[in-house]
Amino acid sequence: VQQQVQSVQHPAEEELRLRLVEGDETALAGLYDRFRPMVYGLAARVTGDWSAAEDVVQEVFAEMWLRPEAFDPRRGSLRTWLGTLTHRRSVDWVRREEARRRRQRVAVPDPRGSADLEDRAVASAVAERVRVAVAALPAAQRLAIQLAYFEGRTYRQVAEVLGVPEGTAKSRLRLGLQRLALLLEAEGITSCP
Amino acid sequence: VSVTDHQYVAGLLGAWALGACPPRDAAVVTAHLAGCPACRAEATRLRRAAGLLGTQPAHRHGSRQAVLRAALARRPAAIPAAAAPYAAQVRRLDELLASLPPRDWDRAVVHGWSVAEMVAHLHWLDAVLAAQLAVAGADPADPAGSGRAGPGSGGGPAPEELRTAWRAQAAALVDAVRTAGGTALLDQPVELAGQTLPVRAALLQRAFETWIHGDDIRLALTVQPFPPAPEHLFVLAAAGVRLLVHAAGVRYPAYAGRTVEVALSGDGGGTWTLPLGPAGVPPRAPARAAATVRLDVLEFCYLLGGRRDPDRVPYRATGDRRLVRDLLTVAAALDRDQEIVGGGRGVPPGHG
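If you read the sequences in order, they're chains A and B. Following the numbering used here, the numbering of the first sequence begins with 3 at its first residue and continues without gaps. Following the numbering used here, the numbering of the second sequence begins with 472 at its first residue and continues without gaps.
Hint data in this document are derived by calculation from the structure and do not stem from the laboratory. Cβ atoms here follow ideal geometry from the backbone N, Cα and C, with glycine treated the same way. Incorrect hints may appear among the rest.
Unchecked claim - One-sided and incomplete, this derived list gives chain B residues near chain A with beta-carbon spacing under 10 Å: (1) H477; (2) A481; (3) L483; (4) W487; (5) A488; (6) A509; (7) E513; (8) R518; (9) L524; (10) G525; (11) R545; (12) I550; (13) A552; (14) V581; (15) P701.
Unchecked claim - Residues from chain B shown here face chain A by an in silico Cβ test under 7 Å; the list is partial: (16) G485; (17) L523; (18) A569; (19) L690; (20) A700.
Full structure from sequences and hints, please.
Here it is, written out as structure tokens:
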């Protein structure tokens, strides 16, 4: 018995996989709680877009739930496997996004798509200009600000998610906000309507 | 104002403007701003820019619930959450038993029980619950191996028979919970080991006992213990904490209504602040906990399972230390008093 138990490299991961195969929903929840930060952080780094990263998170955990048999604990850890899935899905998103941008440059006069048109109809002119200014930030700074502001993370957590030193996270937040202030001041926007 | 201070705070201004500083850093910034016009000017400007982000819709569609729901919509769960800790422990113990050579089934494991007796005991208590859930074939008065697998009787059923019967009944029990769906069944009261408790608590009790006995066998075989998955350990520990504060308030009426904080560390741990005594006892003022006890979540569970000596389990207490000591003594006695795991008492008919 002892030998058998020791020969399994990741008994807890083998068990988690079995529970997913059996359809144990607490295994899915446990998987999510343990690996969401890793999956989200990797997806955010590859896509450079927090909203796309959320989509990738959803796809990765759904895929793991739908096809747990694809994970083979004898060939590597669960973390590595989820990292591979995440990377694959994130790259898919980046490719789709690039294709979309190419199509829009060719054919579509409005660069923002129909969903945005509705938002834009209700949003104030200020909100629209803020949106454009945020979109104009370098991706690294935009992502850091989005994580801090919209996800309510501290700069330490931002650093952790992005896999950068704390000092880098702090300076991305500061430089990003400075640039945002500059862009908006140039448009005469200094306060909310 | 020192230069280092100034540089440190200036570096934090972006995070500060976005509300992304931990409390200690935020306090350092606020203190510095009072005496530094340059930082104050930049802070004002960055706060204004951060404020403008409030005009943006925060489309947070990636909440935990949304992600889990999306997955479950594409493939419904086959094992309901309430029965999952039990189902997982049953599968583990089954794997362990399957790996045992027949001669190991007579091996004394704990409290003088052999593996065979332990499995018969588990089967019997599962049957007590299963019978109340109208699981076909579940009969606590005549469990598999009853009267035949007694200590020293020799002529008990074959290990394979015992294991198969126990496992089949466990599967039927999980299936009964799944087919019932919803929470009506889970809230239904049942009688188990001298207690009246809702089905959801009874399922956790069965999970707990199955785990502890699995570890008893592992210990006897000098195999590493196998703690439950963190998400299961958490619900087991939570149920244990509730059981304990209840029992402690009953055992020591003087403590009833006093609040205690139980902080369990490690994967699957958590912190619970609860008044001692039966559920519904109003907490006594002040609401602040009279005592805090910190210990490892696994050690806590082993203590509740009667597998640790309260005098030797490592813990840290603050506040009313005597209350903590009494609490741990009650914890260690719960197994004996309330048959959480069983050890010598509560044997099935024909095993006494």
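Hints, one by one, checked against the model:
1. Interface restraint check: H477/B against chain A, minimum CB-CB distance 14 Å, threshold 10 Å, status violated.
2. For A481/B, the suggested interface contact is upheld, since its CB lies about 8 Å from the closest CB of chain A, less than 10 Å.
3. This hint holds: L483/B has a C-beta 6 Å from the nearest C-beta of chain A, less than the 10 Å allowed.
4. Of the supplied interface hints, the one on W487/B holds, with its beta-carbon coming within about 9 Å of a beta-carbon of chain A, less than 10 Å.
5. Given the 10 Å rule on beta carbons, the hint for A488/B holds: about 6 Å separates it from the nearest Cβ of chain A.
6. Checking A509/B against chain A by beta carbon gives a least distance of about 14 Å; that is not within 10 Å, so the hint is violated.
7. Because the smallest distance between the Cβ of E513/B and any Cβ of chain A comes to about 8 Å, under 10 Å, the interface hint for this residue holds.
8. For the restraint placing R518/B at the interface with chain A, the shortest Cβ-Cβ distance is roughly 9 Å, inside the 10 Å limit, so the hint holds.
9. With a least beta-carbon distance of about 5 Å to chain A, the hint placing L524/B at the interface is held under the 10 Å criterion.
10. Given the 10 Å rule on beta carbons, the hint for G525/B holds: about 6 Å separates it from the nearest Cβ of chain A.
11. A cut of 10 Å between beta carbons decides the hint on R545/B: the least distance to chain A is about 6 Å, and the hint holds.
12. Of the supplied interface hints, the one on I550/B holds, with its beta-carbon coming within about 4 Å of a beta-carbon of chain A, less than 10 Å.
13. Taken as an interface hint, A552/B checks out: its beta carbon lies about 5 Å from the nearest beta carbon of chain A, inside 10 Å.
14. Because the beta carbon of V581/B sits about 17 Å from the nearest beta carbon in chain A, more than 10 Å, this interface hint is broken.
15. Hint status for P701/B relative to chain A: holds, with the closest Cβ pair at about 6 Å, below 10 Å.
16. Nearest Cβ of chain A to the Cβ of G485/B: about 3 Å, under the 7 Å cut. The hint holds.
17. At about 5 Å, the closest approach between the beta carbon of L523/B and any beta carbon in chain A falls short of 7 Å, and the interface hint on this residue holds.
18. At its closest, the beta carbon of A569/B sits 10 Å from a beta carbon of chain A; the interface hint therefore is violated under the 7 Å criterion.
19. Taking 7 Å as the C-beta cut-off, the interface hint given for L690/B is violated, the closest approach to chain A being about 12 Å.
20. The criterion of a C-beta within 7 Å of any C-beta in chain A is met by A700/B, whose closest approach is roughly 6 Å, and the hint holds.
Consistency note: the structure conflicts with the earlier hints numbered 1, 6, 14, 18, 19.
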